[in-house]
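S.K.: Each chain, written out:
There are 2 protein chains.
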Amino acid sequence: MGALDYARQHRARFVDELKALLRIPSISTLPDHRNDILQAADWLLAHLRELGMTAELIPLNGGHPMVYAQWMQAPNRPTVLFYGHYDVQPVDPLAEWTSPPFEPTQRGEDLFARGARDDKGQIFAILKALEAYLKDAGRLPLNVKVLIEGEEEIGSPGISRWMDRHARKLACNMAWVSDGPMYARDQPSILTGLRGLLYTEVEVRGPAHDLHSGIYGGAVPNPVNAVATIIAGLKDRRGRVTVPRFYASVRDPSPEEKASWERLPFREEEFMRETGSTAAPGEEGFSILERRWSRPTLDAHGIAGGWTGEGSKTVIPAKVVAKISMRLVPDQRAKTVLRAFEKKVKQLAPPGIEVEVRELAGGDPVLVMPTVAPIQAAARVARAVWGADPVYVREGGSIPPVTKFDRLLKVPTVLFGFGLPDDNTHGPNEKFHLPNFHRGIETVIQWVEQVAG
Amino acid sequence: MGALDYARQHRARFVDELKALLRIPSISTLPDHRNDILQAADWLLAHLRELGMTAELIPLNGGHPMVYAQWMQAPNRPTVLFYGHYDVQPVDPLAEWTSPPFEPTQRGEDLFARGARDDKGQIFAILKALEAYLKDAGRLPLNVKVLIEGEEEIGSPGISRWMDRHARKLACNMAWVSDGPMYARDQPSILTGLRGLLYTEVEVRGPAHDLHSGIYGGAVPNPVNAVATIIAGLKDRRGRVTVPRFYASVRDPSPEEKASWERLPFREEEFMRETGSTAAPGEEGFSILERRWSRPTLDAHGIAGGWTGEGSKTVIPAKVVAKISMRLVPDQRAKTVLRAFEKKVKQLAPPGIEVEVRELAGGDPVLVMPTVAPIQAAARVARAVWGADPVYVREGGSIPPVTKFDRLLKVPTVLFGFGLPDDNTHGPNEKFHLPNFHRGIETVIQWVEQVAG
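Residue numbers (numbering that gives the first Met the number 0), protein chains in the order written: chain A, 0 to 452; chain B, 0 to 452.
This list has only true hints and no planted wrong ones.
A pair holds if it fits inside one copy or across any two, identical chains being indistinguishable in the list.
Taking lysine-lysine pairs in the DSSO-like style, the calculated list, with each CA pair at most 30 angstroms apart, reads:
1. K318 x K343
2. K342 x K312
3. K312 x K334
4. K312 x K409
5. K334 x K345
6. K312 x K345
7. K318 x K345
8. K257 x K409
9. K342 x K318
10. K168 x K144
Don't read these hints as lab results, they were simulated from the structure.
Between the sequences and the hints, there should be enough to build the whole structure, so can you do that?
M.R.: Here's what the structure looks like:
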């Protein structure tokens, strides 16, 4: 009867099965839930095998296992990698939940439960799309790999390390991730860019030991004043980062993206309310969305040194440490920026001050051109399923596995989310809009057909 | 026979008595030593009465008592206030003491014990000078008040508050303090200036709550970057403080002081070794001694905010707090500078940043002109007793009681120390050079005669 019809006929069962998955409290950050994590992984393993896929658990040293499955019986057809995660956020404050977080409850067209949208509901929509092919036609029109990790809510440390050694296992032609919201209700949205990150710790040292500011103040190097001079010197009056050649490889967003952003219902007052700020300062000459999505920037995250207790202590401390990061955009490279940053920081150090720069984290930005075939296919499907052209948006932060797909697999990833902006992700009363669950299934079914070639 | 002869005849007994005082472990900062504090105060009270003075303990609410004594039987003669302290520093690290800190031990011409120089030995030299008059002639050539506090090593909080209400009790024509070192061996030194202090806490606030730097970075105010901009903006490239009119009331040192400083055996390399610094940066156009003694300056002492733990957290914190102080010189006033500082800090705050300035401590600078009669008298005595012209030095820090004498009693204080630079004050093996103890007694005897008129 066709995969689409199959999916429509089994909607009620799909929701029931999703509820079963949602009942497992697989909170990755709480050690007490280790057994629930393993139970969720086992549940998915059994489910994928039931669909007819070859499936296994991939243990991650000291972490939560990944569920991996594949169906590779379509020779000469492309291979798609689907990625998602089965772990969820903690549920505090529990008192604010209208129904218990691990007792999935339908109210109106919404299904309330922790993980309903992030990400169990979305990854399950993908599995149901695959089922529609496998149970109806007995086969998929292309090759499929599925990777579902259990550490996304704690920063994906295991998968990142694992991929450095085992990327070949995930070799594919394109990837698909559904783990986000649409920009607005009924507005299909495709994420085309993720900023990269270069996160450093800067240690600023002055005198060999703490000094009394009364006796020595005015004639010795002061690391606190020095770190201020350094941080202040890293941006100019127009909000531009002063690291040499910082902007040399920054690419302008594509015309498709720019056109998309102008159509977005973005309101500055709402942004200010959301951030609790009285201003939205940044690099001159760029809109707020550009500053967050397509422009690199620099932020200090924390600083500590000297006397920070109650009252007054007249000390000139020997050292102070600051955390400073840069968000990177295509085609900046974290390694190149690190070298230039370190040099600049040392140049900014006043006399008598020594500086050490340590890299704590680094990841390159990701850009998927809206013109590549998998995105174009997704755009066509968006119109068919959701009744609207998609908007191309970006995200200011990074998604570590997607960065790895870009760098190690060298394939484009379609980031197409089925959530809504008001789904209360990470908060109490997380929900998934069930019409979006079903449209998500149909989106994947149609996209698979489009890219099968 | 005269006070000087009396003092010379009783040298051995004077040292024995000093040892008795040194045996009392009157450590002011350790609660366990509360009884020792009281014992030292009682010991001095009895001793002053024994000399023929009217003496009393002045309790300080919640603190250690002051010992007060007076002899006011010289009508139409001036009144001198002598100040010192009977409390001492802790003794850690105990293992580094050659002889136990509270068993006074003579080695060569030095007497080793905690408090030997700071300040029991020096205040006791004053008492012995008074004894020489009172026991020999039965009277003093002028009126004398003696104030010995027990909280100097913890910042003199009680005496400062007490003086605000009871300054009249200390009414006098001049004050004398012996609580410091000479600039070098055999080089009598008179302290003519103490810098004042304005110590503030600056709270810098941005967004109402912490934000994710990936999502918002580049388009929201960042308090850590802002505090850096503020601190960096408080000094210009030449090391001058940018607070408006900061230097307007700064007085040049007197010609006597300048001439004195040029004669001092100051060596920059030694200063760098002492501070453990590779440079001695500061306000352009001034020597290191001027920067520390006669120029005001600004130092940040500590800073804390945002993520300061291990690793990387991509937060834009809602606020950060910095401790910033200014050292003030004559004729700057802490209150005036505070207003201008607060205004400047707020001007330096970038858009979207709110700043609050809190005053934590404030004290005006003190200047005693080398030309006033009590100093000129001390200079003559220095030549007679120590065989050399005194040098006029300053101190970069403040001595709270002396600030109060200046502001509330409005009298000049002669700050004439009998210590040596290598006396290990506050460290293990503190000592007092006994020839200096005896010369100190003679210095006070002769100075009293000079200023009696």
